[in-house]
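Asker: Residue numbers (the working numbering), protein chains in the order written: chain B, 33 to 361; chain S, 33 to 361; chain P, 33 to 361; chain C, 33 to 361; chain E, 33 to 361; chain W, 33 to 361.
Treat the hints with caution; some may be incorrect.
Since copy identity is lost for identical chains, a pair holds within one copy or between any two.
As the list claims (entries may be wrong) - Mimicking DSSO-like on lysine-lysine, the simulated pairs with C-alpha atoms at most 27 Å apart in a straight line are: (1) Lys-231 x Lys-323; (2) Lys-170 x Lys-215; (3) Lys-57 x Lys-102; (4) Lys-64 x Lys-35; (5) Lys-81 x Lys-53; (6) Lys-292 x Lys-231; (7) Lys-311 x Lys-285; (8) Lys-320 x Lys-292; (9) Lys-231 x Lys-53; (10) Lys-320 x Lys-57; (11) Lys-231 x Lys-285; (12) Lys-81 x Lys-115; (13) Lys-292 x Lys-323; (14) Lys-53 x Lys-115.
Just so you know, the hints here were simulated from the structure itself, not pulled from any lab data.
Spelled out from the first residue to the last, the chains are:
Protein chains: 6
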Amino acid sequence: MRKGIMRHQIGDPFEGFLLIKEASKGTTSNGKPFMTLILRDATGQIEAKLWDATNEDSETFVAEQIVQIKGEIIQFRDKPQLKIFSIRPAQVTDGVHVSDFVEKAPVAVGELQEKLTAAIFEMENPALQRIVRAFIKKYQEPLLLYPAATKNHHEYASGLAHHIVSMLAIARELYQLYPEINKDLLYAGIILHDIGKLKELSSVATPTYTLAGKLLGHIPIMVEEIGEMARELQIEGEEVLILQHMVLSHHGKAEWGSPKPPLVREAEILHLIDLIDAKMNMLNRALKNVKPGEFTERLFAMDNRSFYKPQFEAGRVQPEQQELSHHQK
Amino acid sequence: MRKGIMRHQIGDPFEGFLLIKEASKGTTSNGKPFMTLILRDATGQIEAKLWDATNEDSETFVAEQIVQIKGEIIQFRDKPQLKIFSIRPAQVTDGVHVSDFVEKAPVAVGELQEKLTAAIFEMENPALQRIVRAFIKKYQEPLLLYPAATKNHHEYASGLAHHIVSMLAIARELYQLYPEINKDLLYAGIILHDIGKLKELSSVATPTYTLAGKLLGHIPIMVEEIGEMARELQIEGEEVLILQHMVLSHHGKAEWGSPKPPLVREAEILHLIDLIDAKMNMLNRALKNVKPGEFTERLFAMDNRSFYKPQFEAGRVQPEQQELSHHQK
Amino acid sequence: MRKGIMRHQIGDPFEGFLLIKEASKGTTSNGKPFMTLILRDATGQIEAKLWDATNEDSETFVAEQIVQIKGEIIQFRDKPQLKIFSIRPAQVTDGVHVSDFVEKAPVAVGELQEKLTAAIFEMENPALQRIVRAFIKKYQEPLLLYPAATKNHHEYASGLAHHIVSMLAIARELYQLYPEINKDLLYAGIILHDIGKLKELSSVATPTYTLAGKLLGHIPIMVEEIGEMARELQIEGEEVLILQHMVLSHHGKAEWGSPKPPLVREAEILHLIDLIDAKMNMLNRALKNVKPGEFTERLFAMDNRSFYKPQFEAGRVQPEQQELSHHQK
Amino acid sequence: MRKGIMRHQIGDPFEGFLLIKEASKGTTSNGKPFMTLILRDATGQIEAKLWDATNEDSETFVAEQIVQIKGEIIQFRDKPQLKIFSIRPAQVTDGVHVSDFVEKAPVAVGELQEKLTAAIFEMENPALQRIVRAFIKKYQEPLLLYPAATKNHHEYASGLAHHIVSMLAIARELYQLYPEINKDLLYAGIILHDIGKLKELSSVATPTYTLAGKLLGHIPIMVEEIGEMARELQIEGEEVLILQHMVLSHHGKAEWGSPKPPLVREAEILHLIDLIDAKMNMLNRALKNVKPGEFTERLFAMDNRSFYKPQFEAGRVQPEQQELSHHQK
Amino acid sequence: MRKGIMRHQIGDPFEGFLLIKEASKGTTSNGKPFMTLILRDATGQIEAKLWDATNEDSETFVAEQIVQIKGEIIQFRDKPQLKIFSIRPAQVTDGVHVSDFVEKAPVAVGELQEKLTAAIFEMENPALQRIVRAFIKKYQEPLLLYPAATKNHHEYASGLAHHIVSMLAIARELYQLYPEINKDLLYAGIILHDIGKLKELSSVATPTYTLAGKLLGHIPIMVEEIGEMARELQIEGEEVLILQHMVLSHHGKAEWGSPKPPLVREAEILHLIDLIDAKMNMLNRALKNVKPGEFTERLFAMDNRSFYKPQFEAGRVQPEQQELSHHQK
Amino acid sequence: MRKGIMRHQIGDPFEGFLLIKEASKGTTSNGKPFMTLILRDATGQIEAKLWDATNEDSETFVAEQIVQIKGEIIQFRDKPQLKIFSIRPAQVTDGVHVSDFVEKAPVAVGELQEKLTAAIFEMENPALQRIVRAFIKKYQEPLLLYPAATKNHHEYASGLAHHIVSMLAIARELYQLYPEINKDLLYAGIILHDIGKLKELSSVATPTYTLAGKLLGHIPIMVEEIGEMARELQIEGEEVLILQHMVLSHHGKAEWGSPKPPLVREAEILHLIDLIDAKMNMLNRALKNVKPGEFTERLFAMDNRSFYKPQFEAGRVQPEQQELSHHQK
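Using the sequences and the accompanying hints, generate a full structural model.
Answerer: Okay, structure coming up:
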């Protein structure tokens with residue numbers, strides 16, 4: 033695929049494939065039908081209007097459909113819009129796939145899997161290790177593919193695994209500094225804390241909240257699953273209860289969805305590591321888009337703050353200029 | 033048993049049996065050992081000091097032990113205290129039982145059971161009915177004996193069942209007024225909403241919080257149990273998820289321990305009925321202790337308010353003057 | 033009148049009478065004058081543009097005017113709009129009245145009046161009964177016609193009386209369950225609690241807030257009126273003060289407009305019954321508009337929640353399918 | 033009267049008259065009866081124990097009784113206590129009166145009355161002036177004698193009038209600076225805003241909250257009285273409603289007891305002037321008790337802050353060293 | 033200059049000079065370039081569209097440029113818009129200056145300076161006086177020209193000095209009423225409290241926040257400057273610390289930007305006087321724009337309230353009808 | 033020194049040296065003078081009463097005095113108390129020093145200093161490095177000796193340096209994981225963030241808040257010092273402002289004392305690292321005192337939570353059992 037949609041300027045022509053994320057119908061003030069399409073590729077999304085839309089159009093151009101478009105980037109009410117000159121659904125022979133249009137984690141799936149495995153291998157407590165292993169096996173595929181959220185942080189393919197692996201790296205270092213930490217417990221909590229999202233979110237490419245996600249949320253879902261898994265594995269020690277508590281409390285307080293606050297050391301650390309990795313992910317991605325001396329756009333999940341990139345950053349070699357493979361060693 | 037401990041005035045002699053609720057050791061400023069005992073019967077509790085306590089005393093007089101005491105009610109720092117003249121542990125031949133020293137619901141256990149059964153009998157939705165029946169069977173005995181809490185409301189033997197049965201009565205009436213209500217769902221939610229307390233609290237007579245109660249709380253415990261029960265019964269419809277949601281949301285908001293607020297009509301009503309019955313229980317019991325024209329003591333769980341009993345209540349026949357059996361028809 | 037305006041789809045033609053709720057003038061970017069009309073009937077409201085509006089038009093088409101319109105329902109910025117082909121003011125001979133265009137309570141006025149009378153007839157405390165009777169007499173007509181609010185709940189003609197009568201029904205049942213309740217006091221509080229709205233709101237058909245409504249609000253207005261009425265009737269017992277307190281405290285806390293929280297049992301219950309009936313009214317009306325398996329729109333006065341209608345509701349006979357006359361027996 | 037009770041140090045002998053503010057009975061751990069007396073004069077209050085109290089003692093030494101005491105100031109648990117050597121009730125021939133034992137405003141009643149009259153004389157709006165005059169006439173005596181509160185600020189005899197007169201002085205100056213202010217309205221609001229306290233508090237010497245004070249509070253009481261007074265005087269303009277609004281809103285927000293916030297300029301200023309005078313009263317009285325370089329005790333009604341008196345205050349002539357008659361010119 | 037831009041009605045022609053406050057480029061849905069200009073004069077601002085804008089236009093018509101425009105006031109989406117017939121940049125010969133297009137304080141700069149000087153002359157404490165004098169000298173020019181804020185209150189040229197001078201007048205009067213106040217300290221606090229805004233805001237005419245303003249804010253900036261100034265002047269007494277505390281605490285609480293609340297009497301008064309003058313400034317300006325019997329628009333910085341101007345204000349001579357020179361005597 | 037005071041049980045005899053932390057005088061109910069002494073050594077503190085205290089005693093036994101005591105540990109009102117048999121002030125020949133009676137960081141001062149130096153050595157940005165070096169030089173001695181607080185976390189000698197060094201270790205690891213971090217900036221922020229505490233707290237051994245600490249707090253104190261230092265060093269780049277911002281914002285939000293929240297990436301990380309190290313310090317010290325299966329006492333600065341030590345911790349080698357020198361590698 034060529035240059036992504038977000039890399040185009042106002043006035044640029046566009047020709048290429050895009051994925052329809054949302055499609056809806058409207059009528060102009062003259063009574064003419066049109067369609068509003070939200071189109072995306074791995075770099076971001078743009079709105080487009082399809083004027084004089086036929087009934088056939090509205091059956092063809094639906095969410096999850098890939099389309100080939102020729103058009104031009106214009107500005108409409110302060111935002112870029114894609115003006116469509118021609119549009120057609122992609123065909124098998126085009127050789128394009130939904131996964132091509134989705135943002136991905138900056139670390140390869142294989143590397144994520146390897147690091148997960150390595151962490152489990154380090155664990156010594158048999159009860160904790162067996163439960164974690166069983167979950168990894170049960171959710172092997174989605175765990176490596178799902179995003180960690182629909183927006184805010186790690187909201188890209190493999191985002192959940194990327195988030196877990198980053199958190200494990202922080203945990204390993206904190207354990208060096210504070211050897212009082214029970215590393216096995218912390219690792220287990222990190223690996224399992226957000227797995228409930230696999231049932232809370234509907235899919236990898238266009239994730240929305242499932243009914244269970246809306247009515248229960250990923251935390252109670254996962255508390256239940258841990259209990260069920262332990263019964264299946266016939267594990268009975270206090271480890272099960274403590275693991276359930278870690279998942280239950282990892283949002284830190286009741287207002288944030290944890291009916292109990294962390295009451296075990298490793299639960300408190302899990303909450304803090306989760307905060308750090310989520311915030312660093314948001315901050316680094318937002319700051320990458322601005323130049324030294326500028327502020328980022330407002331970050332909703334960071335209390336709506338805009339962050340400043342100091343001018344003296346200009347003189348520093350930025351990690352994005354380094355080799356990517358060095359990123360998460 | 034004779035007149036309860038709370039029916040004595042300062043200066044009255046006391047002779048009778050009491051249950052030790054708490055026992056702790058101390059030393060006077062002269063270096064002499066003594067014990068502080070919290071003693072209770074079904075009417076309430078009182079503090080006592082056992083001076084010059086021997087090692088043997090501190091092994092004999094422990095929590096849950098029934099003792100025979102002769103003494104006198106004195107006042108110490110604005111509160112009544114029981115001055116001990118003589119004390120001995122109760123013996124089998126005394127014919128006293130722990131359950132004699134515990135406050136009980138104003139409705140008999142048999143009547144509570146009957147009403148529970150009648151409600152379940154009314155239910156038509158087979159999935160809901162089967163789950164409820166299975167829980168009633170599983171927890172038959174404790175469900176009829178446990179208090180609903182350690183303090184605040186329905187904090188007496190059979191308090192949980194009393195609370196459920198009162199709520200069912202309100203539900204039945206609201207269903208008459210708002211026939212849109214799904215009665216089966218509401219009944220099921222009422223019966224199950226607090227059953228997690230059987231695992232959250234340690235016992236009927238001197239209930240404290242269990243480790244699972246402290247680290248998870250009764251709400252997640254019960255959400256998990258409903259899922260487990262449904263799997264055992266091989267029930268799979270949306271009823272299971274909705275029931276779990278009702279339990280999860282019955283505290284009304286995140287700050288109060290419900291990670292999701294009520295998002296189903298019957299969940300909202302369940303929350304409101306729970307509020308009404310808890311508040312009426314607290315209010316009626318507090319107002320019974322004051323005369324018309326007076327304020328009650330501050331009620332912690334009612335935002336620390338003192339309630340006023342109007343003077344014109346003096347002219348009304350009070351329900352406590354009516355036959356008790358009429359109470360909860 | 034034919035099918036209401038809210039029962040039309042995008043693309044449908046429309047011909048019929050509508051009431052102008054609001055009318056305002058504008059100028060297009062070409063400098064041409066137009067009018068924006070908010071039009072309503074008993075089913076809801078819709079916006080319309082009247083292009084090339086003359087001065088005469090802007091004098092004719094004003095709020096509270098009924099008009100006959102031919103046109104078509106189009107979509108404009110995601111919302112339906114009524115495109116006007118022709119418009120004329122209604123004439124006497126058209127036989128249409130403002131009250132035809134206003135939503136009404138689901139219970140007839142006569143029935144509401146009857147139930148109010150019956151409740152007062154049950155009261156035994158002469159002071160409370162005389163005050164209530166005097167208010168019913170003073171406000172006889174508006175009390176039966178006014179809405180209970182401008183939006184959120186019972187915001188239709190006779191909404192106030194409908195709300196009162198529903199609350200009386202709940203009160204009667206709770207009195208059965210908790211005979212400690214002083215029924216006379218609770219009935220009096222229910223009947224009077226919102227009567228201040230007759231001075232807070234400007235009219236039945238297009239209610240807005242009066243100056244007294246904005247600067248004092250219905251609660252202090254009614255506290256004052258009760259005092260005045262008691263002086264007129266030369267009633268002096270504690271009943272007057274307690275009634276004023278019940279009105280004053282019925283919003284439950286200071287943040288919600290009650291300078292004193294409920295401090296009398298019946299004041300607390302009044303607050304709870306008010307909550308239940310308001311919430312059931314909102315919930316039932318919102319859920320009536322969605323199918324099983326769907327969520328309602330967000331309900332602002334319910335903390336902005338969307339409620340879910342379970343799929344198994346599909347199998348239940350809904351009350352709206354039963355005879356309406358059974359509704360509030 | 034001699035040197036007040038608060039001017040004594042630990043170890044000083046005491047001989048003089050004191051007023052009993054509270055009296056309660058107790059029993060020592062040896063079972064001997066004693067009484068705890070809270071004794072006060074115009075400088076403050078002290079606790080005393082009357083050991084071996086007889087039944088006669090407990091009938092004689094009751095609240096509001098003046099007693100003659102000989103004793104000594106000792107320290108008990110970090111607080112001064114009056115050790116009683118002898119005690120007898122005051123007799124007519126002692127020539128002491130309850131009002132001698134109460135703290136008074138630093139300005140004479142005559143001067144307060146004069147200033148109130150002068151302010152009313154300045155008013156030009158006849159409706160506002162007539163209402164204010166009528167209230168001054170109705171409450172002439174208590175208005176000049178009552179405290180403004182039971183604690184926190186102006187909690188001394190004539191405190192209410194002192195508070196009003198200070199606020200009028202601020203209002204006069206702000207009117208000079210901001211001539212947009214409607215002086216008549218502001219004066220009327222200031223004079224009436226707290227008059228409801230005459231019904232909220234029980235007495236001048238040992239004020240407690242009345243039942244109406246507890247169930248309604250001074251704000252709704254006064255809103256009602258203004259309405260009643262206006263009807264009696266047959267005054268009907270918007271002035272009545274605005275005055276009621278000013279009283280209703282003078283606590284500034286709902287959480288502080290005003291169901292409506294100030295919505296008229298003079299209501300907003302009234303609230304601010306009330307704040308200033310209350311805070312200056314608290315601050316000046318607390319700072320008078322500390323030396324330069326020290327902090328005051330924590331002031332509960334000032335968000336529990338301790339205030340610092342700078343060392344350079346040592347070099348300033350303090351107003352308390354100036355003639356008192358200059359105080360409130 | 034002629035009648036200001038805000039004094040025009042929809043439909044009026046306009047011819048005159050305006051200052052460009054903001055300028056941005058856009059593209060129509062037909063792909064044609066246009067510019068959006070925010071234009072202002074001393075009476076307010078209006079939006080305008082410049083259609084078919086050339087590259088030259090976008091280089092010419094930039095912020096801070098004065099332009100001569102012929103056009104007409106039209107209405108666009110409920111707001112007035114200036115339709116441009118012709119536009120050209122102002123030339124030297126036009127004799128217009130940026131300062132002509134900015135709102136100014138209602139008191140002349142000379143008078144403000146005089147009053148500031150008079151206040152400093154009254155001060156007796158040498159340390160306080162020297163520090164204040166040094167700041168006045170250091171910031172002489174901007175102090176007399178800067179606004180006090182970018183919006184809400186005193187947001188006009190010389191607004192900061194106007195705010196200071198009004199506050200000094202209130203302080204002088206409160207000192208008369210409460211002679212305990214240390215007038216020197218209060219004066220010094222008032223004069224310095226907002227001087228940090230000279231570094232927080234970028235300019236007089238189109239003020240925005242500087243980087244130091246965004247990252248530190250005017251309070252810490254000024255705390256630091258006072259310390260620096262004292263070191264330069266070799267002043268060492270407690271006055272320096274207390275002055276820093278007054279600046280630090282003048283927003284009243286942590287949530288409002290003061291890490292310490294006022295802990296010195298004069299700091300508390302400074303906070304209250306600041307509140308009064310800011311609120312009176314907002315209120316008087318908003319109420320000047322409405323007629324008796326109307327409400328103002330919502331005032332964001334007054335908790336979003338709309339204020340009512342009573343009808344009886346119609347009969348009062350308003351200060352704006354008096355001579356302006358009398359305003360701030 | 034022998035076994036510390038906190039290692040004694042009720043009933044144990046005590047003989048040894050203790051430091052007087054606080055001393056105050058009282059009078060018994062019999063009028064006899066006594067002294068209350070708070071005595072401490074490095075393990076904790078205990079209260080003692082010195083009966084029949086002479087004037088000489090109260091001049092001898094003052095805060096900061098070391099005393100030699102023989103006595104016995106008794107229990108008084110549920111707390112241990114030291115009953116004094118004999119007491120005398122320490123003499124030079126006793127060879128005891130104040131620093132012997134103070135708790136110390138678990139890492140030696142030399143090691144702390146070395147690690148600080150190493151971190152500064154790593155820095156590359158000259159402006160940041162010079163400022164940090166200058167501060168280290170200016171505060172060399174107190175920086176290595178002061179506690180980080182008077183209570184809650186790192187409240188022991190060298191606590192501040194221990195806190196800084198631990199935070200540097202975390203920073204180094206996070207920089208490995210997130211190379212986007214500007215390590216120099218983060219190091220500088222960590223080293224300087226709490227140095228203001230050297231002026232906020234009065235001493236190492238018995239720290240209390242200084243006047244500047246109470247009226248300004250360590251954050252504004254340090255913001256000012258950084259500005260002053262930069263002027264002295266004639267450093268002018270954006271680094272100064274950013275460093276001031278990092279100190280200003282490191283408490284995270286206004287309510288917690290930071291008038292600006294973190295608006296630079298490294299400021300956000302600094303806040304998070306500060307949280308982690310403070311919490312780990314509190315948690316590890318509290319958990320060290322309880323056995324597996326127990327809860328800690330309530331930790332005030334951790335939202336008053338009690339933390340649980342899981343039973344399976346019993347099987348783990350605890351770090352306190354490892355060599356201490358391994359602790360902070």
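Asker: Which hint numbers doesn't this structure obey?
Answerer: none
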